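**Student:** Below, each chain spelled out in residue letters.
Number of protein chains: 2
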Amino acid sequence: MAAKKKAKKKVAKKKVAKKKAKKKVAKKKVGKKKAKKKASKPKVAPKNAFYAQSGGVTAVINASAAGVIEAARAAKGKIGKVYAGRNGIIGALTEDLIDTSKESASTIKGLRHTPSGAFGSCRFKLKSLEANKREYERLIEVFKAHNIGYFFYNGGGDSADTCYKVSQLSKEMGYPIQAIHVPKTVDNDLPITDNCPGFGSVAKYVAVSTREASFDVASMAKTSTKVFIVEVMGRHAGWIAAAGGLASTKDTPIPIVILFPEVEFNEEKFLAKVKENVEKHGYCSVVVSEGVHYPDGKFLAETGLKDAFGHSQLGGAATVISGMIQNKLKLKNHWAVADYLQRAARHIASKTDVDMAYAMGKAAVQFALKGHNSVMPTVDRLSNKPFKWKVGMADLSKVANVEKMMPKNFITPDGFGITQACRDYMEPLIKGEDAPPYKDGMPSYVRIKGVAVPKKCPKFEL
Amino acid sequence: MAAKKKAKKKVAKKKVAKKKAKKKVAKKKVGKKKAKKKASKPKVAPKNAFYAQSGGVTAVINASAAGVIEAARAAKGKIGKVYAGRNGIIGALTEDLIDTSKESASTIKGLRHTPSGAFGSCRFKLKSLEANKREYERLIEVFKAHNIGYFFYNGGGDSADTCYKVSQLSKEMGYPIQAIHVPKTVDNDLPITDNCPGFGSVAKYVAVSTREASFDVASMAKTSTKVFIVEVMGRHAGWIAAAGGLASTKDTPIPIVILFPEVEFNEEKFLAKVKENVEKHGYCSVVVSEGVHYPDGKFLAETGLKDAFGHSQLGGAATVISGMIQNKLKLKNHWAVADYLQRAARHIASKTDVDMAYAMGKAAVQFALKGHNSVMPTVDRLSNKPFKWKVGMADLSKVANVEKMMPKNFITPDGFGITQACRDYMEPLIKGEDAPPYKDGMPSYVRIKGVAVPKKCPKFEL
Chain F
1 MAAKKKAKKK VAKKKVAKKK AKKKVAKKKV GKKKAKKKAS KPKVAPKNAF
51 YAQSGGVTAV INASAAGVIE AARAAKGKIG KVYAGRNGII GALTEDLIDT
101 SKESASTIKG LRHTPSGAFG SCRFKLKSLE ANKREYERLI EVFKAHNIGY
151 FFYNGGGDSA DTCYKVSQLS KEMGYPIQAI HVPKTVDNDL PITDNCPGFG
201 SVAKYVAVST REASFDVASM AKTSTKVFIV EVMGRHAGWI AAAGGLASTK
251 DTPIPIVILF PEVEFNEEKF LAKVKENVEK HGYCSVVVSE GVHYPDGKFL
301 AETGLKDAFG HSQLGGAATV ISGMIQNKLK LKNHWAVADY LQRAARHIAS
351 KTDVDMAYAM GKAAVQFALK GHNSVMPTVD RLSNKPFKWK VGMADLSKVA
401 NVEKMMPKNF ITPDGFGITQ ACRDYMEPLI KGEDAPPYKD GMPSYVRIKG
451 VAVPKKCPKF EL
Chain U
1001 MAAKKKAKKK VAKKKVAKKK AKKKVAKKKV GKKKAKKKAS KPKVAPKNAF
1051 YAQSGGVTAV INASAAGVIE AARAAKGKIG KVYAGRNGII GALTEDLIDT
1101 SKESASTIKG LRHTPSGAFG SCRFKLKSLE ANKREYERLI EVFKAHNIGY
1151 FFYNGGGDSA DTCYKVSQLS KEMGYPIQAI HVPKTVDNDL PITDNCPGFG
1201 SVAKYVAVST REASFDVASM AKTSTKVFIV EVMGRHAGWI AAAGGLASTK
1251 DTPIPIVILF PEVEFNEEKF LAKVKENVEK HGYCSVVVSE GVHYPDGKFL
1301 AETGLKDAFG HSQLGGAATV ISGMIQNKLK LKNHWAVADY LQRAARHIAS
1351 KTDVDMAYAM GKAAVQFALK GHNSVMPTVD RLSNKPFKWK VGMADLSKVA
1401 NVEKMMPKNF ITPDGFGITQ ACRDYMEPLI KGEDAPPYKD GMPSYVRIKG
1451 VAVPKKCPKF EL
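The listed protein sequences derive, respectively, from chains F and U.
Using the numbering used here, read the first sequence as starting at 1 and increasing by one per residue.
Using the numbering used here, read the second sequence as starting at 1001 and increasing by one per residue.
Treat the hints as calculated values from the structure; they're not laboratory data.
Source: prediction; values computed, not measured.
Hints are not guaranteed to be accurate.
Just a sample of chain F residues kept apart from chain U, beta carbon distances all over 12 Å, derived [what the hints assert, rightly or not]:
#: 1; residue: Gly91
#: 2; residue: Asp96
#: 3; residue: Gly117
#: 4; residue: Cys122
#: 5; residue: Leu129
#: 6; residue: Asn132
#: 7; residue: Glu172
#: 8; residue: Lys204
#: 9; residue: Ala213
#: 10; residue: Asp251
#: 11; residue: Glu264
#: 12; residue: Glu279
#: 13; residue: Trp335
#: 14; residue: Asp339
#: 15; residue: Pro428
#: 16; residue: Asp440
Listed next, the in silico PhoX-like pairs over lysine-lysine satisfying Cα-Cα at most 25 Å (straight line) [stated by the list, open to error]:
#: 17; chain 1: U; residue 1: Lys1109; chain 2: F; residue 2: Lys250
#: 18; chain 1: F; residue 1: Lys385; chain 2: U; residue 2: Lys1439
#: 19; chain 1: U; residue 1: Lys1351; chain 2: F; residue 2: Lys431
#: 20; chain 1: F; residue 1: Lys390; chain 2: U; residue 2: Lys1332
#: 21; chain 1: U; residue 1: Lys1456; chain 2: F; residue 2: Lys222
#: 22; chain 1: U; residue 1: Lys1398; chain 2: F; residue 2: Lys332
#: 23; chain 1: F; residue 1: Lys78; chain 2: F; residue 2: Lys127
#: 24; chain 1: U; residue 1: Lys1332; chain 2: F; residue 2: Lys127
#: 25; chain 1: F; residue 1: Lys109; chain 2: U; residue 2: Lys1171
#: 26; chain 1: U; residue 1: Lys1047; chain 2: U; residue 2: Lys1171
#: 27; chain 1: U; residue 1: Lys1351; chain 2: F; residue 2: Lys222
#: 28; chain 1: U; residue 1: Lys1439; chain 2: F; residue 2: Lys222
#: 29; chain 1: F; residue 1: Lys280; chain 2: U; residue 2: Lys1133
#: 30; chain 1: F; residue 1: Lys330; chain 2: F; residue 2: Lys390
Just so it is clear, CB atoms sit at the ideal spot from N, CA and C, and this is done for glycine as well.
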């Protein structure tokens, strides 16, 4: 089950009662189905499922894939095969489907500890049904050809929107499809769910790395580097940058200045804060979000390039900050840009995050089996101390195109730090270690065979 | 003991015999000392030791510190207190000494799993005895005042040179001091020793991170990022960059292009290689050393700044490479700069490296007790498969100012990869995990109390 161990025990009793009730209902249903099956076997062949990964990948998105596939395998007779889109939704459009039934149980189990998107992801956003009917018709063509009745889409805000549109296909185009979105994004910007799987692990990576590099710069500061800067992801929301603040605790205080995209960059105030820290502590660490911008909205790290969704491609805020500190404060500094390292770092993943990612995948299948459409499993937080959570459910209409910003009370009044409210929220999410297996000093990450499902439809040009 | 478990068993029997012989000698010595003590107690107070950390710190230099301090504590009666220089050799010059006897056993034990230089490091090179007699005289003044007879200096090439100079003090200036260098450097460029503690862990970090980010870019490549670039340390030698090659194994092949400082950068050949990989595999990873340079010697990442040793301060080779790939190949790419994250990453340290770092510290004390001066403990490799090593000893005169380059046969003929010889050398060094203890999701790194030894000498201006 999804919930943490401690939570489990208390909730367990209630659930047992509910489950028993459900089981009784289930048995009756099964009985009916069996009767039907006997009467007309070929017609009730269970629907297959389509699963795809979307957008930037994470350290734990494959754990969600494992959750989906293992739950579907466990629901034998109710769900047929799980076909994964090679490179996300593009795999559906081009009928490039991977037959996950050809993957061994140990490979699927191994996905739980493997970073990246094992089936390939993509940055490809479907437009509205009106604007791009051709693509939706194609999806239906492929779904029909492969008897696909379940659509599990594993992604962030943009893919929640796509998933929502697909969920509308039944109504608009008369094809029965249950579309369930599986939340994933290091940006942690999906609404309703307490957090997005992928975030806890990137937060842990940033917190641990900031602590480690801060120890490093502290030992060099007397004669050499006095400021260490690390640039982290987060285009519009400072969730990841905030995680850098977790590096500093009561036991292990560290002077850290965080630059959030939520706070307009003020060079003068920033440099004063760094100077103050260096004078007081001898050194200072800076965690800068890639999304930090000036009051006029211009990113510090503007490159002028845009991605497929029309977002500006960023990179290099750290170098800008480094130059300021060098030129204005005359302080020697070092800078790092974590980029993909942060979101791929499965070796230092949060166990809480891995558990949640798996639970979201599993819950998606369970929701589908219960007949739900156009929904997304969520993490519902029940309490902070002890940390308890359960799987909830959100309507996709309320998820699509809504970006969750950090609450204002997570940022200290000076704009450079995190509050206790932020700690209370984030600390449970980085808890627990879940090291992958190692072979000869290297983590053993799995790769799928990726056997293609034979094509049945005409070719389709993207 | 220093040796790996497998090595231990075979060597153990021989050692037992030797040890027994030693013990007998030791007992006799103790007997003599005790007799002396009774006769003239104040004169035979054991000499204190000075320990200092130098240059860029590593994930395991504190493990060497733990080795020194625990071995010195175990040699009670033979070595007095261990005084650590606050911020390296500067602590000796300014008489800013830390009394390590005030640190609890658990703190010293905790140093084994704590990255950075717990006592503070520095970039400060002593000139020759002739050029800077004032500083050497000051060292003697401080050593005399605190009854220091042992000098343990934990660093790389520059500090081996300083240590060598200090070892000459006895002869030149008539003060008895035994100077032992404890090898440490992520650059792995000290001669004689098989490797330098600190390198195995940075190598593991780079190998693991490159594997993880390569999995990431592979899953994005269809519609988005096709090339991932990570910049790693290594000013003159490509040891660390080479470790990126370990990300690719027979089980888990990855197309990786490595840019070594040993190979003059050729833009055309490099871009052709990247293009070839992307065409063949769909993606490509690039590991670029900060020290990569053009045929005329100019670094790709030249910033114009220099450090205290007169070395150019580098940073940004990755951005240069990124621009080339974007502009010339029109391939979307992402880049990371690992900087301090790589050398501070104790959470993913190599167990082999941690064991070696500790063993070097311990051996330094043992050498001192045997009366050695002007030496450095080394890692002597006995065999690759199974990996066996023992502690050896090198003359500092042969270590100082000698930079070990990578053997030419470690780099593939095309200049972009590593050979089997390189793998055979490096793979044992990244073996084994040695996770630090965690508290609430964060590694528990220790900090020293750092109690100052009361000053006895006049002030000294650096």
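**Student:** Does each hint fit the structure? Answer for all of them.
**Tutor:** Do the hints match the structure? See the list:
1. Not every CB of chain U lies more than 12 Å from the CB of glycine 91/F, the least distance being 9 Å, so the non-interface label is violated.
2. With a minimum CB-CB distance of about 10 Å to chain U, aspartate 96/F fails to clear the 12 Å threshold, and the non-interface call is violated.
3. Distance check for glycine 117/F against chain U: the nearest CB is about 4 Å away, which does not clear 12 Å, and the non-interface claim fails.
4. For cysteine 122/F, the shortest C-beta to C-beta distance to chain U comes to about 4 Å, within the 12 Å cut-off, and the non-interface label is violated.
5. The claim that leucine 129/F is not at the interface with chain U holds, since no C-beta of that chain comes within 12 Å of its own (minimum 22 Å).
6. Taking the minimum C-beta to C-beta distance to chain U, about 16 Å, the non-interface status of asparagine 132/F holds against the 12 Å cut.
7. At roughly 26 Å from the closest C-beta of chain U, the C-beta of glutamate 172/F stays outside 12 Å, upholding its exclusion from the interface.
8. Here lysine 204/F does not stay apart from chain U, with its beta-carbon only about 6 Å from theirs, under the 12 Å limit.
9. The Cβ of alanine 213/F sits about 4 Å from the closest Cβ of chain U, inside the 12 Å cut-off, so the non-interface label is violated.
10. At roughly 8 Å from the closest C-beta of chain U, the C-beta of aspartate 251/F falls inside 12 Å, breaking its exclusion from the interface.
11. With a minimum CB-CB distance of about 26 Å to chain U, glutamate 264/F clears the 12 Å threshold, and the non-interface call stands.
12. The beta carbon of glutamate 279/F is kept farther than 12 Å from every beta carbon of chain U, the shortest such distance being approximately 17 Å.
13. With a least CB separation of 6 Å from chain U, tryptophan 335/F falls inside the 12 Å interface cut-off, contrary to its annotation.
14. The claim that aspartate 339/F is not at the interface with chain U is violated, since a C-beta of that chain comes within 12 Å of its own (minimum 4 Å).
15. With a least beta-carbon separation of about 8 Å from chain U, proline 428/F fails to lie farther than 12 Å from that chain, contradicting its non-interface assignment.
16. Look at aspartate 440/F: its CB is around 6 Å from the nearest CB on chain U, not clear of 12 Å, so calling it non-interface is violated.
17. Note on lysine 1109/U and lysine 250/F: the hinted pairing holds, with a Cα-Cα distance of about 21 Å set against a maximum of 25 Å.
18. Of the pairs offered as hints, the one joining lysine 385/F and lysine 1439/U holds, with about 15 Å between alpha carbons and a cut-off of 25 Å not exceeded.
19. Using a Cα cut-off of 25 Å, the hinted pair lysine 1351/U and lysine 431/F holds, with the two alpha carbons roughly 23 Å apart.
20. A threshold of 25 Å between alpha carbons decides the hint, and for lysine 390/F with lysine 1332/U the separation of about 40 Å lies outside it, so the pair is violated.
21. For the proposed pair lysine 1456/U and lysine 222/F, the alpha carbon gap of about 23 Å is at most 25 Å, so the pair holds.
22. At most 25 Å may separate the alpha-carbon atoms for a hinted pair to count; lysine 1398/U and lysine 332/F exceed this at roughly 33 Å.
23. Of the supplied pair hints, the one linking lysine 78/F and lysine 127/F is violated, its CA atoms being roughly 32 Å apart against a limit of 25 Å.
24. About 23 Å separates the Cα atoms of lysine 1332/U and lysine 127/F, which keeps this hinted pair within 25 Å; it holds.
25. With a CA separation close to 66 Å, the supplied pair lysine 109/F and lysine 1171/U exceeds the 25 Å bound.
26. At roughly 18 Å between alpha-carbon atoms, lysine 1047/U and lysine 1171/U fall within 25 Å of each other, so this suggested pair holds.
27. Annotation: proposed proximity of lysine 1351/U to lysine 222/F is violated, straight-line Cα distance about 30 Å (limit 25 Å).
28. Straight-line distance between C-alpha atoms of lysine 1439/U and lysine 222/F comes to about 29 Å, which puts the hinted pair past the 25 Å bound.
29. Distance restraint check for lysine 280/F and lysine 1133/U: the Cα-Cα separation of roughly 34 Å exceeds the 25 Å cut-off, and the hinted pair is therefore not satisfied.
30. Pair hint lysine 330/F plus lysine 390/F does not hold up; C-alpha atoms about 51 Å apart against a cutoff of 25 Å.
Hints 1, 2, 3, 4, 8, 9, 10, 13, 14, 15, 16, 20, 22, 23, 25, 27, 28, 29 and 30 from the list above are not met by this structure, while the remaining hints are.
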